[in-house]
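S.K.: Please work from the sequences and hints to get the whole structure.
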Amino acid sequence: MSDPILVFDSGIGGLTVLRELRTVMPDRRFVYVVDDAGFPYGDWEEAPLVQRVSDLFAEMIATHRPEAAVIACNTASTLLLPELRERFSIPFVGTVPAIKPAAERTRSGLVSVLATPGTVRRDYTRGLIDDFARQCDVTLVGSQKLAGMAESHIRGRPVDGKALWGEIAECFVERDGRRTDIVVLACTHYPFLANMFRKLAPWPVDWLDPAEAIARQAFKVTGAAVAAELLEGFDHAVFTSGAPDYATRRLIHGFGLAL
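So the sequence shown is residues 3 to 261, counted in this note's numbering.
Not one of these hints is a red herring.
Here are the computed lysine-lysine pairs in the DSSO-like style, where the Cα-Cα straight-line distance is at most 30 Å:
#1 Lys201 / Lys102
#2 Lys147 / Lys201
#3 Lys147 / Lys102
#4 Lys222 / Lys102
Distance windows between CB atoms, simulated:
#5 Glu176 / Arg87: 37 to 43 Å
#6 Ala165 / Arg136: 33 to 39 Å
#7 Arg177 / Arg107: 17 to 23 Å
#8 Trp205 / Asp29: 37 to 43 Å
#9 Gly258 / Asp178: 44 to 50 Å
#10 Leu261 / Arg107: 35 to 41 Å
#11 Ala165 / Glu88: 37 to 43 Å
#12 Ala165 / Val52: 27 to 33 Å
#13 Asp208 / Gly168: 18 to 24 Å
#14 Glu106 / Tyr248: 42 to 48 Å
Derived from the structure by calculation, the hints contain no laboratory data.
C-beta: ideal position from N, C-alpha, C; glycine also.
M.R.: Structure representation (structure tokens):
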């Protein structure tokens with residue numbers, strides 16, 4: 003049986019990436035690791051978060067012996083990718099704000115990046131703007147609450163539209179007769195809220211979800227497995243808290259994952 007691919011996130015937002023990975027690589031096995039004990043990462047100082055995630059990967063790689071790892075989390079990726087690649091021998095595929103494709107697609111030149119405060123603060127994000135979007139006006143919007151709102155929404159709990167609008171309103175910029183036409187969803191939790199975003203938006207924009215690009219890159223570094231090796235019940239989810247609630251267990255099972 004082939005080695006699995008490890009998919010890691012601070013919460014269950016990375017399920018958007020797992021869904022796309024399965025579409026691109028239907029013949030692969032996956033282990034989905036949720037660091038819910040450390041969620042949300044946006045509240046952490048950088049040094050302790052680096053230590054925590056690096057140590058978690060050491061444990062998970064030793065336990066599951068994955069062929070590769072996908073970090074389905076912008077905050078962890080922008081902070082930790084170089085260190086993880088240096089420490090471990092397996093390939094790592096990260097999740098970084100889709101600023102380059104946004105700059106290539108925009109017609110108005112007004113692009114917003116909707117992210118966590120940590121991703122907005124990171125030099126890595128500013129570097130992407132300098133490298134790929136100098137010709138654009140890029141608005142960085144760091145939300146402290148959206149990831150938690152997405153977690154609630156995924157579990158079937160109501161999300162207040164007014165509060166949600168308060169988190170995304172700054173993404174919509176009007177300047178010199180131009181309007182924002184692309185919003186980069188720079189957190190894997192946010193695509194779960196995309197339908198609500200569309201209803202609240204004052205004008206249509208392209209909500210750019212990085213999941214498809216992440217899946218393509220993961221396929222590029224791993225390739226296909228032998229389809230005959232695929233077994234029922236092969237995918238597993240691991241929660242660092244060890245005790246997900248009933249709504250989360252139902253959701254995880256709905257994605258074909260066993261705890």
